[in-house]
Structures are given as C-alpha cells and as structure tokens.
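> Residue-level listing of the chains:
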Amino acid sequence: MDIKKTALYSVHLELGAKMAPFAGYWMPIQYAGILQEHRCVRTQVGLFDVSHMGEFIVRGKNALDFLQKITINDVSKLQVNQVQYTAMCYENGGIVDDLLVYRFDDYYMMVVNAANVEKDWNWAKSHLLDDVVLQNQSDQFSLLALQGPFSRDLLQQATSLPLDDLAFYWSMSGVVADVPMIVSRTGYTGELGYELCFAPEHTEKIWHTLMAIGEPYKIEPIGLGARDTLRLEMKYCLYGNDIDATTHPLEAGLGWITKLDKPDFIGKAAILQAKNQGLTRKLVGFMVKGKAFPRHGYELYRGPQKIGFVTSGTFSPMLEKGIGMGYVESEFSNIGSTIEIDIRGKRESAEIVKTPFYQHK
Amino acid sequence: MNVPEKMKYTSEHEWVAVEGSIATIGITEYAQGELGDLIYIKLPDVDDQITQKESFGTVEAVKAASDLYAPVSGVVTEVNQVLADQPELVNKDPFGAGWMIKVQMSNAAELNSLLSPDDYKALIG
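Those sequence lines, one after another, are chains A and B. Just so it is clear: in the first sequence, position 92 is 92 by our numbering, and no numbers are missing. Just so it is clear: in the second sequence, position 8 is 1008 by our numbering, and no numbers are missing.
Please note: incorrect hints may appear among the correct ones.
To be verified - Chain B side only, calculated, beta carbon under 10 angstroms to chain A, not exhaustive: (1) I1039; (2) P1044; (3) D1047; (4) D1048; (5) V1062; (6) A1065; (7) T1077; (8) E1078; (9) K1121; (10) A1122.
It should be emphasised that the hints constitute simulated quantities derived from the structure, not laboratory data. Ideal placement from N, C-alpha and C gives every residue a C-beta, glycine not left out.
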C-alpha cells in the first residue's frame, strides 16, 4: 500500500523531522526531540499536523438518530457549534473507535482516529439509516492542533473570531489568516488549545503564518512522539493501546461518556449487563517508584498473582517518573494501592495514583 | 552522519575504541538519533564480566527500551557514572562524553569480527 502524505510533508522534511509511517501516512514523530517538544507545549505553545485524522460528514433529517444509534454519548444534548467526545461500540460493548462529534447548523462531523478511518467508515455505513447522507471527507480536510498556554494569544492575532468566548469543547466557524475554517477548543494535551480544520490547499500558508506569529511565544512544531507523552500525562486513552475491540467503555473509565439512560444504541445491552454484573477490571494510572519505565504489554502483579497488564507507558517529562496505564482486576484497582510491574524480568514497584498524572499549575 | 575513523562498530550500533587491552564502549550517533531522547541508562558494575554479543545493559528512551550488546568480552574496569544523572550526554556527544563503559578485553581477536567505519557507514546507509 502506498503511504500517503499530508499537505505538510515537505515542510516537515525541511524542519528536519524524523518521519515514520503511521496509520498509512508519513507523519513527523519528532523535530527537536520529544522532551523539548513536550515541555514547549506545557509551558509555551506548539503546533501539530494531525491531518491524518479522519473526518466524516453526516447530513439529512435522520442524522441525529443515526449518531444516537452508533455512538454512546448523548448527541441530542449537543447544541449547534458544540463538540462531544464519544465512542462507537460493537454489539458486545467492545470499542470500534473513540471520536469527536461536532454539531453545526445543518450537519454533523465525526473526527475519527487515522488508523481506524476505513474500519469506522465500513461500520458507520453498515448501520446507516434512511435519509442520512454520510460522506468520508478525510482527504478534504487538513487538521492542525495549536496547543499550549500561549495558544489563545497567538491565534487571536490571526483572527477576528472572539476566542475569549470560545468555551472548552465548542467550535466557531470563521476566518483565520484569510482562510475559512472551523476552530474548536479541543485537543489531546490537557493544555489550553485549539484544533483548526480547513481545506488542504491552505495548509502551508496557515502553518507558516502561525509559526511566524508564534515566534515571540517560542512556538515549536510538535511530533507524534510528544503528542503521545502529553496525552499519557493526562491519562487520555489511545485507541489500539488502552481501548480496542476487547475493552468496553466502563472498564476503560469512559463511563462519563456512556449514556446508558439514552434510547437504544449499539452496545448498550452488553454494557448494561457488564455494569450490572460489576466490573471485573479497570483501567488505572500508576506511577513507578524507582527509575524504571513501563511499556505497552508489560505484566502487572500483586505478589505472585498476575493482576493485569500495561496498555501505555512512558517517562513523564513533567514529573520525571515512569508513568503508565493498564487494566487491573477491580479488587486491586484502588488509588494508593501498590502493584508490581514485570520489566524485562525484574519486578518494579508502582503505586496506583489519581489522574491526570499532571495538572497545570 | 558522524562515524569516527578510529573506532570499530557492531551491527547493533555500539562503537568500541581500543587503547592497549582496554576497550571503551558506547553507542553511535546514528543509534542515539534513532532512539531519541534518552532518559535512563542501565550499565553493569565495575568488575562485572561481559560477553561479546550478549546484553550488558539497557538504554531507555522516551519511546522504548533497547538492549546494549557487548562488542567484545572482558571485565568492566570503569563505568561512566555521569550518565546516571545525565543520560542526555549520549544524545549530545555519543562518541565523547557519552561513553558508557571501559572493559579489560579477554580476547582481542574478537575485534576482528567488528565492522570497520566504512562497513558501518554502508550499514546505516
């Protein structure tokens, strides 16, 4: 299969990015280095190319009913220009994907994980209702994320949109640097930040404009490596690591987006059953006590007993400790509990901690 | 990519510099670039025995952990203790301040199995 390029491919190369194939695209993994990029987003502002993400447009008079059927959050609660974090589940409660749903005047937009575009598209199409028009416009949009404490001041210099009025998980449609786009106050970092969705032909111009305006704010380009460490410090789930077809939303800590009181949706019966039976395992966050770093797939123990496994792990650049997420049997999942990680044959002690791991001071 | 002429190399991206019977060992500039920011380096202790082609330690980068493979066999005579607090020295100066261990070689003939600078350059393209 040919590996696709985003509109910024040559810009990334000029910036000296280390590129790697990810979800079918050549993507920048890092520029200056993950640690520097991570700290830049936490303390200044960073710009990410996330154009590999997928966008589906949903129109028609049954668009709401369709989204209510295939997603687990309550789309009827969305107001025009509001955004919602949600997921699609299989009948057995396993997760197809996690995604954002945007509501606009007369249509909705689903923003899905790059690696899942084809699977999600087939899944959504196979559950289509009459009078719903579903379009895969993933190639018709570029998506940039501008994240960090200076992101608002920076972006405001490029637009007359009243960004002070843009609340968390809301969007505005307007012009930034002469380019029409959707600006949403969303992101995957835990910092103040925005995601910009617009036609790909403008991508280089928007990128260069934001980088130029950002110079006094010490803006840097940020790769997928720091995107992963930033989301991990927040304990945000990554599909394919922490959630997948074998995990259901309640055990993944996504009860807050699972609206079991709304009318039927795909997976509801299975999730209800799991809830009523009591969760057998939970996705927890833990911090390693010593100098050791958990990685995806490592096993978790309490004494001789295997109690779970690591789904994501890294060095936390802000806490300078090994942090991780993993599923552990419910009886061992309490905050403050000590667990052990098998790190290449050696047991390392870790504590289940409150998350997010890192909170902006 | 810097590949100093005075060193020999492994296909696992370690370098070795020889003075008499003492071999100084580290990882290459290419290796540190592929690994990215290093956060922890686990090295053997002085007097530990290491064996050619076997693991003598681990480098932890933000993204992943990788084993270090011994280019030669012998007894560890010195460990770069500075790396315990400043693993980033391996990123900044892999052939200099980022050296890892010194080894009293037990079989100098093992050096013949290592890659020359030209062979190593060909390997990393």
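> Run every hint past the structure and note whether it holds.
Each hint tested on the structure:
1. I1039: holds, 4 angstroms
2. P1044: With a minimum Cβ separation of about 15 angstroms from chain A (threshold 10 angstroms), the hint on P1044 (chain B) is violated.
3. D1047: At about 21 angstroms, which exceeds the 10 angstroms cut-off, the nearest Cβ of chain A leaves the hint on D1047 (chain B) violated.
4. D1048: At 16 angstroms from the nearest chain A Cβ, D1048 (chain B) fails the 10 angstroms test, so the hint is violated.
5. V1062: holds, 5 angstroms
6. A1065: With a minimum Cβ separation of about 7 angstroms from chain A (threshold 10 angstroms), the hint on A1065 (chain B) holds.
7. T1077: violated, 24 angstroms
8. E1078: violated, 21 angstroms
9. K1121: This hint is violated: K1121 (chain B) lies away from chain A, its Cβ roughly 20 angstroms from the closest one there, beyond 10 angstroms.
10. A1122: Cβ of A1122 (chain B) sits 21 angstroms from chain A, so the hint is violated.
Checked against the numbered hints above, the structure breaks hints 2, 3, 4, 7, 8, 9, 10 and satisfies the rest.
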